[in-house]
Amino acid sequence: MTGQNNQNTIIELKGVSKTYPTGTHALNDVNISIKKGEFVFVVGSSGAGKSTFMKLIMREEKPSSGEITVNGFKLNRLKHREIPMLRRTMGIVFQDFRLIPNMNVYDNVAFSMHVVGASKQQIRKKVSHVLSIVGLSGKARSKPAELSGGEQQRVGLARALVNNPALIIADEPTGNVDPNMSYEIVEMLTEINKMGTTILMVTHEHQLVRDFKRRVIMLENGRVVADNADGGAL
Amino acid sequence: MKLSSVRHLTGEGFKNVWDNRLMSLASIGVLVSCMVLIGAAMLVSFNVDRAMTAIQQENVIMAYLNDYNSVRYSDKYINASSYKSSSAASSAASSAAATVTASATASGSTTSDGKDKSDVPYDDYLIHNDEEAKVVCDELKKLPNIESVEYISADEGIERLVGMINEEQAKYIAQLQEDGDNPLPAAAKITLTDISKFDESLQKIKGVAGVYSVTSQRDLAKKVTTISNAVTTASYIIIVMLMVIALVIVCNTIRVTMFNRKLEISIMKAVGATDAFIRLPFVVEGIVIGLISAIITLGLLYVGYSAVLRAMVGNIQNPVPYSDHVLLFAGIFAGVGVLSGFIGSMFMINKYLKREGSEFSALS
Chain A
1 MTGQNNQNTI IELKGVSKTY PTGTHALNDV NISIKKGEFV FVVGSSGAGK STFMKLIMRE
61 EKPSSGEITV NGFKLNRLKH REIPMLRRTM GIVFQDFRLI PNMNVYDNVA FSMHVVGASK
121 QQIRKKVSHV LSIVGLSGKA RSKPAELSGG EQQRVGLARA LVNNPALIIA DEPTGNVDPN
181 MSYEIVEMLT EINKMGTTIL MVTHEHQLVR DFKRRVIMLE NGRVVADNAD GGAL
Chain L
235 MKLSSVRHLT GEGFKNVWDN RLMSLASIGV LVSCMVLIGA AMLVSFNVDR AMTAIQQENV
295 IMAYLNDYNS VRYSDKYINA SSYKSSSAAS SAASSAAATV TASATASGST TSDGKDKSDV
355 PYDDYLIHND EEAKVVCDEL KKLPNIESVE YISADEGIER LVGMINEEQA KYIAQLQEDG
415 DNPLPAAAKI TLTDISKFDE SLQKIKGVAG VYSVTSQRDL AKKVTTISNA VTTASYIIIV
475 MLMVIALVIV CNTIRVTMFN RKLEISIMKA VGATDAFIRL PFVVEGIVIG LISAIITLGL
535 LYVGYSAVLR AMVGNIQNPV PYSDHVLLFA GIFAGVGVLS GFIGSMFMIN KYLKREGSEF
595 SALS
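Top line first, the protein sequences correspond to chains A and L. Residues 1 to 234 in the working numbering are what the first sequence lists, from first letter to last. Residues 235 to 598 in the working numbering are what the second sequence lists, from first letter to last.
Each hint should be verified, as a subset may be incorrect.
Each computed PhoX-like pair below joins lysine-lysine, with the alpha-carbon atoms no more than 25 Å apart [to be verified]:
(1) L:K236 - A:K79
(2) A:K62 - L:K585
(3) A:K79 - L:K496
(4) A:K62 - L:K588
(5) L:K588 - A:K55
(6) A:K143 - A:K35
(7) L:K249 - L:K236
(8) L:K496 - A:K55
(9) A:K120 - L:K249
(10) A:K125 - L:K236
Beyond 10 Å from chain A on every Cβ pair, some chain L residues (computed) [what the hints assert, rightly or not]:
(11) Q290
(12) E401
(13) L454
(14) L534
Bear in mind the hints are in silico, worked out from the structure with no lab data behind them. Ideal Cβ positions, reconstructed from N, Cα and C, are used throughout, including at glycine.
So here's chain L without its partners, still in its complex pose:
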């Protein structure tokens, strides 16, 4: 095909978009909706990935200790009638304090017959005071791949907890402190040297006497990643469905153009236009619709993402900047737009061109 023909037909394609502006607008609307969803799903996924990677890179393990104070608290308020072993009691205490740290300050009183006021055998506790807790911490320090071990007492833990909770909850904690109670166990904040040996080190820490349970952000990351993967899969299914709808809409727009230009097509065929010549304006129309949709989506997503980040300032740490992925988005949107326009137009026009005998009967 000659360059002058290509120029002429490309112009015709642009003209088609304008001549069928209502249908073009409908196609652009649907394509933009699909692509905004694609972009939003990708941005969410990028941010989740980034946050999860950051969490997984954290080489910190919290080890909660099997201490007297928290077991006593658990016994008093949670398991008073069914105390069986120190580890069972400690379990409840540890879970109550899963996100905070605690101390091993042995503030509770004991009786002379080897049991405390709650009838818990004194010997069941491995840790009764800071000194004993620090001994466990020293044991932890001796393990391989340990960079540092920071001892966090229950008092310290409760101070940190108060800083993280609301006023009402703080009052409750204050009441507990007045009564001399502290639900938090003593804890050791362990920093590892080599993150690649994380799982191995975790098992070794669990094996140290006096350590009741261990937690790390990695468990949280795994859970969040599982949920996020499920959400991403679901959103991709929805996107594929929307893309099919978009394709149908683009096909319909092209069909309207074809109907409007039926006369021209029949004349073109009669005077010897090649299929490529007849096809080109429709393909250009489809591509133009796709490109316009891509540009609008790129802008809308920028505005939307900026607004979300402004609204959630403080809640999202270190969000993925839009500019980091603008080229990727431009490529994807242009690709999706151009491809759906191209496929839609090719499908429709080829269907028509394959039909023989339309030259004389095109208008009947």
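Okay, chain A solo, but in the shape it has when bound:
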């Protein structure tokens, strides 16, 4: 870790801009501060800069200018070998679930724990626990193909949760599930948030954002055009 920022801030972007080698200006002087334990929706149309924002937080990309601090890691100074340590403090939920088809539900969740070198005993205990949180205890031996879209995303959620991350980044987690299931997924994220985990969720579904009344950051053409505490921007 390269130093602690403000004790209460988990994500901080100061004057961040990102221009890709192709010349595309994805982000332009973005300033965002997210506190620990917050639930934040990031909305915006296609090309608004949402994906770049997520990639910068994960340190998949480096900013062209500005400073980013995530979980106490100053990403501008982060060395390549330190990136895994940053990522272990966060859980990622993907829009396309990214479940390994030939592994069952249990193994898909356990996979994240193998990566951080957990023992078999720890894995058994923790995986059972998170599967019960997402309501999939009875489907531990099922293969992803045998599950519905909503169930698959719940496995993805369990996998993001299993290493006790301080921050969960959900990239359009409801994009591939039916509307009813979308609410269920966000409710589940809300429950996880209540346990103290910060949630950063990128979404297109404005109705969902309006209904859950959480902080909303709206991006447009690479700039923050609105930042409201209760979804009022929409």
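Following the hints, put chain L in place on chain A, whose structure we already have.
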């Protein structure tokens, strides 16, 4: 990295080999071909070296004498119209008998005017009979570093020659003998005391009057060694080329595995796997392919070498036993296999790991 992770990832590496069995088989095939060639080149080289060392250790020099009989034969059948000197004639005779020995038995007749029937001046011959030849041998014995000198007459030489040639050639020799001709010169088989003074002794023997030419196995050894070195160099160039091909094939196998496991790699990166963690199963896969190839090569080479030795029994004297070098081969093959697997996998996976931004976009 924790031991449990290493165990888990090693298992994954073995699983990769099986999951991509067709590509693994292709890699193993190419690696085995390369290593069989390496092993064969080494076995040939060991055997040539051994034979050459044995030849070079032989402390025997054959000295061919400038004798009447062979000069007369040469004059009659080879240089009849252009006889100039005894040494020129003797040269032809000596070369005709380069591998055998001869006698100085003066069986030819001479005329009273000091020339033989072929008009060769009688005085041109230094040796006309066994007695004169033995005098030269006595001179040779007086030289330093000489252990023994064995006189071999032309008759004796021709008997030895008949024992070494086929029936047709033997008939020709028999005909010559009936005509009273013998192409072989008298010879002295000289054994040296100290092999390290070989060249010095050779010069001294050449300097003795009555000795026309000298030969030793050492000249043959030098020629064979030169040829064998050229062949070895050429085979090493081919082996290096094959190794490059093998490396490309191993890289390709790893690439297929990586493509198949792209999803897992992207998840691993996203959840915080270190590069070493992601790399290990691929490196294990490369090493397993290399080791399997090494074991197969070791067996194939044993079977092949044994078959060659059986087929060439009698032609190869004192061949190098496979067992003498089995550990060396095992080491080399394991080294080549493991190294190519390791380099191939490291190269491919590092290339992939260096690419940033593959976590979200891995599937696109």
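Hints broken by the structure, by number, lowest first?
6
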